[in-house]
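A.B. asks: One-letter residues, chain by chain:
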Amino acid sequence: MSRLEILKTYKIYIGGKFPRTESGRFYTAKNSNGEALANVCLSSRKDFRDAEVAARAAFGDWSSRAAFNRGQILYRIAEMLEGRKAQFMDEVIKQGSSKAAAEAEVALSVDRLIYYAGWCDKFQQLFSAVNPVASSHFNFSVPEPTGVVSIIAPQSTSLIGLVSVIAPVIAGGNTCVVLGSFEKPLCAVTFAEVLNSSDVPGGVVNILTGDPSELAVYFADHMDVNAMVYCEKNAGTQKLIKEKSALNMKRVVIYSDTNWLSEDAQSPYLIQNTQEIKTTWHPVENIGGAKAGY
Amino acid sequence: MAKAKSNTLKLKFDSARNYAPAPESKSAAKINARYDLFINGKFEKPASKKYFATINPATEEKLSEVADANAADVDKAVKAARNAYGKTWKKMPGKERAKYIYRIARMIQERAREFSVIETLDGGKPIRESRDFDVPTAANHFFYYAGWADKLEYAFPNRNAQPLGVAGQIIPWNFPLLMAAWKIAPALATGNTVVLKPAENTPLTALKLADIFQEAELPPGVVNIITGAGATGAAIVNHAGVDKIAFTGSTDVGKIIQKAIAGTGKKATLELGGKAANIIFEDAAIDQAVEGVVNGIFFNQGHVCCAGSRLYVQESVYKEVVRKLKDRLETMIVGDPLDKNTDIGAINSKEQLAIINKYLKIGQAEGAEMYQSSAAIPSKGFFCRPTIFTNVAQSNRIAQEEIFGPVLTIQSFRTDDEVIEKANNTPYGLSAGVWTDKGSKIFNLTTKLRAGVVWANTFNQFDPTSPFGGYKESGYGREGGLHGLYGYVRF
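Chains A and B supply the protein sequences, listed in that same order.
Here the first sequence is numbered in our numbering, starting from 8 and rising by one per residue.
Here the second sequence is numbered in our numbering, starting from 6 and rising by one per residue.
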């Protein structure tokens with residue numbers, strides 16, 4: 008007698024837990040032949056708001072972790088992903104890729120995490136400065152995470168786009184709420200399982216599945232989100248996001264021309280896009296204008 | 006046992022300490038009766054045919070009248086800038102661009118006295134400030150960015166930085182010449198051309214700067230200076246030929262700008278409002294801290310977006326700080342901005358004085374206790390005595406909203422965590438101040454305060470090499486230093 012396969016329930020990921028959408032809604036993800044792959048949560052505005060609260064709560068701890076520690080945790084995500092390559096390849100293939108393409112995408116996703124793991128404790132030195140002010144002050148500028156970032160992940164891929172936009176945001180000490188690909192949602196949920204077993208504190212990355220055309224406005228107009236990342240060419244949505252972001256001066260980052268499968272799609276400048284520069288001044292003692300005599 | 010001596014000496018500044026007037030001469034300032042628009046290297050009459058007056062806020066006397074640019078004038082200026090961008094400025098080697106910018110810096114230095122006097126006449130700030138801060142810092146800003154023009158490949162490793170095109174720049178009335186320098190210098194260094202609109206209350210030093218551009222033989226159209234009010238600014242923001250908006254002003258207008266340019270592909274740098282916390286811990290050098298608080302809130306009549314307008318004092322030294330602050334307030338001289346003794350000059354405009362007075366009423370109605378110095382103020386012109394509010398609640402409007410005047414709120418706190426939470430409890434995030442003798446406490450605070458500039462044991466320091474700009478609703482982008490180049494390039 009053949010064994011009946013256990014189907015996976017695709018849930019969303021909020022605050023380190025896997026709830027279903029509070030709305031009780033779902034949609035059916037299909038492959039290119041129109042065959043059903045899974046019933047997936049159709050997340051609501053409330054799910055986004057819950058995820059934002061989790062992201063804000065996690066920000067203090069995550070942003071004040073040692074950069075070295077964040078690097079180790081990103082490396083750990085890559086380790087976990089490497090170990091589950093077969094599962095991800097299986098999902099990528101189900102969602103329409105060839106075996107070779109799936110293998111390449113999953114391998115590149117692991118490599119991209121390793122790439123950003125390495126940047127965690129290095130980008131600060133690239134973007135910092137000790138500023139030679141004319142007055143008698145010590146003055147330096149350093150990057151700091153901007154806060155909670157809402158992300159609508161690239162829609163054309165299931166895994167590589169998602170990983171490519173999450174990694175630079177959390178490498179820089181931000182926390183985030185991410186909406187995965189609508190058409191190809193499977194890897195977003197499975198990647199949440201990887202995060203959940205990688206020492207990433209709950210709430211640092213929150214992953215939803217659902218319809219970007221419904222949720223984009225809420226990702227953009229939430230008053231306690233500091234920045235938003237959007238990756239599609241849709242001019243109407245880009246305009247909407249920029250308009251709504253003006254409500255609280257959200258920083259808007261748009262990557263509409265990026266080929267996430269290319270090596271050029273990774274750089275420390277992507278980390279910089281969700282950083283703030285803080286400048287600190289302190290007086291330097293200068294008694295009687297004495298010059299150093301040594 | 007010797008009794009611990011507490012520092013209770015009261016500053017006494019009696020009539021014996023009156024200062025004789027020491028006015029700066031107006032003769033250094035040559036102001037024309039009328040100014041046209043500076044477009045394509047020449048002063049041109051406005052298509053609108055309209056002019057409006059600019060007055061001296063200390064005397065309410067008319068100084069000059071300036072053109073009111075309409076959309077047709079803006080279009081002309083943008084076209085001139087576009088033309089200059091394509092034909093000369095973009096193609097010019099960086100080292101040659103640098104020489105023009107260096108020239109501008111030198112010429113401002115040469116004419117520093119004239120600029121200082123005009124800045125004080127037009128804006129009401131004390132001559133001591135325009136002479137010792139605004140004008141020299143503006144010149145230094147040009148000098149600093151001039152040097153970047155031929156070194157941009159070192160600023161952005163592994164990237165090819167290109168100019169954006171035409172920058173539309175809209176600046177406020179609180180530091181007219183300095184803000185023009187902050188905007189124009191990095192734009193030119195990176196190869197952009199400029200259409201700049203000074204504030205309608207304080208257009209004169211920007212128009213004087215146009216004289217310098219002519220004298221420096223800057224190619225026509227590289228910088229265009231057009232005057233007008235909000236409608237002129239809106240025409241710049243909405244002009245399809247503008248590639249970048251750089252704006253310093255209120256958060257409300259900043260939001261309107263971000264909305265207006267949504268979907269256009271225009272880049273923006275926005276330097277907006279602030280409500281900075283200035284925090285005094287019990288181990289601080291109290292006298293220095295009091296001086297820092299005074300500088301933090303009363304510099305430029307409090308017309309400073311990064312002004313330290315919310316003072317937080319640790320409970321154990323609260324009484325001492327408030328008493329010393331009140332004493333110090335009594336010594337401040339309010340009056341003729343041209344007098345070299347003056348500490349607090351004229352409020353920039355009648356409208357701004359009305360806003361400040363509105364907040365003084367609101368503060369009292371909210372139950373806060375108002376204290377003003379007994380300084381005499383002139384009967385003509387727009388003046389406001391230095392003011393502090395005690396018994397202030399975190400939710401009071403005077404502790405939440407930007408007043409942009411010489412008005413300080415004071416609250417007490419007990420623990421580090423409490424004051425961090427209170428300091429960050431604002432939509433703004435431009436600047437903050439910390440006063441303590443303990444280094445580890447400074448770094449704890451400076452890391453946790455969500456603000457773009459943090460001054461520790463000092464306040465209101467600025468330098469061309471030092472990036473300035475906000476977190477949260479205080480805007481985005483940085484001005485000054487290497488980081489100030491980012492807003493004017495694409496890759």
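Worth flagging that the hints you see were computed from the coordinates, not collected in a lab.
Keep in mind that a hint or two might mislead.
To be verified - The calculated EDC-like cross-link candidates involving lysine to aspartate or glutamate, where the alpha carbons are at most 20 angstroms apart (straight line), are:
| id | chain 1 | residue 1 | chain 2 | residue 2 |
| --- | --- | --- | --- | --- |
| 1 | B | 427 | A | 231 |
| 2 | B | 446 | A | 151 |
| 3 | B | 260 | A | 228 |
| 4 | B | 446 | A | 190 |
| 5 | B | 264 | A | 250 |
| 6 | B | 443 | B | 296 |
| 7 | B | 272 | A | 239 |
| 8 | B | 264 | A | 228 |
| 9 | B | 363 | B | 257 |
| 10 | B | 264 | A | 271 |
| 11 | B | 260 | A | 231 |
| 12 | B | 443 | A | 292 |
| 13 | B | 260 | A | 68 |
| 14 | B | 50 | B | 66 |
| 15 | B | 272 | A | 250 |
| 16 | B | 453 | A | 231 |
| 17 | A | 92 | A | 68 |
| 18 | A | 18 | A | 239 |
| 19 | A | 240 | A | 271 |
A.B. asks: Run every hint past the structure and note whether it holds.
C.D. replies: Each hint, compared with the structure:
Under the criterion of a C-alpha separation no larger than 20 angstroms, the hint pairing residue 427 of chain B with residue 231 of chain A is consistent with the structure, at around 17 angstroms. The suggested pairing of residue 446 of chain B with residue 151 of chain A holds, with an alpha-carbon distance near 19 angstroms, which does not exceed 20 angstroms. The suggested pairing of residue 260 of chain B with residue 228 of chain A holds, with an alpha-carbon distance near 13 angstroms, which does not exceed 20 angstroms. For the hint linking residue 446 of chain B to residue 190 of chain A, the alpha-carbon distance of about 51 angstroms lies beyond 20 angstroms, and the restraint is violated.
Among the hinted pairs, residue 264 of chain B with residue 250 of chain A is consistent with the structure: their alpha-carbon atoms are about 4 angstroms apart, no more than 20 angstroms. At roughly 19 angstroms between alpha-carbon atoms, residue 443 of chain B and residue 296 of chain B fall within 20 angstroms of each other, so this suggested pair holds. Simply put, residue 272 of chain B and residue 239 of chain A have alpha-carbon atoms about 18 angstroms apart, close enough for the 20 angstroms limit, and the pair holds. Annotation: proposed proximity of residue 264 of chain B to residue 228 of chain A holds, straight-line Cα distance about 12 angstroms (limit 20 angstroms).
This hinted pair checks out: residue 363 of chain B and residue 257 of chain B have alpha carbons roughly 18 angstroms apart, not beyond 20 angstroms. Under the criterion of a C-alpha separation no larger than 20 angstroms, the hint pairing residue 264 of chain B with residue 271 of chain A is inconsistent with the structure, at around 31 angstroms. The straight-line distance between the Cα atoms of residue 260 of chain B and residue 231 of chain A is roughly 16 angstroms, inside the 20 angstroms bound, and the hint therefore holds. Among the hinted pairs, residue 443 of chain B with residue 292 of chain A is consistent with the structure: their alpha-carbon atoms are about 15 angstroms apart, no more than 20 angstroms.
A threshold of 20 angstroms between alpha carbons decides the hint, and for residue 260 of chain B with residue 68 of chain A the separation of about 31 angstroms lies outside it, so the pair is violated. Distance hint between residue 50 of chain B and residue 66 of chain B is unfulfilled; the C-alpha atoms sit about 24 angstroms from each other, more than 20 angstroms. A distance of roughly 14 angstroms separates the Cα atoms of residue 272 of chain B and residue 250 of chain A; the hinted pair therefore holds under the 20 angstroms criterion. As the CA atoms of residue 453 of chain B and residue 231 of chain A are separated by approximately 17 angstroms, the hinted pair is consistent with the 20 angstroms bound.
Taken as a hint, the residue 92 of chain A and residue 68 of chain A pair is broken in the structure, with Cα atoms around 30 angstroms apart against an allowance of 20 angstroms. The suggested pairing of residue 18 of chain A with residue 239 of chain A is violated, with an alpha-carbon distance near 24 angstroms, which exceeds 20 angstroms. Among the hinted pairs, residue 240 of chain A with residue 271 of chain A is consistent with the structure: their alpha-carbon atoms are about 18 angstroms apart, no more than 20 angstroms.
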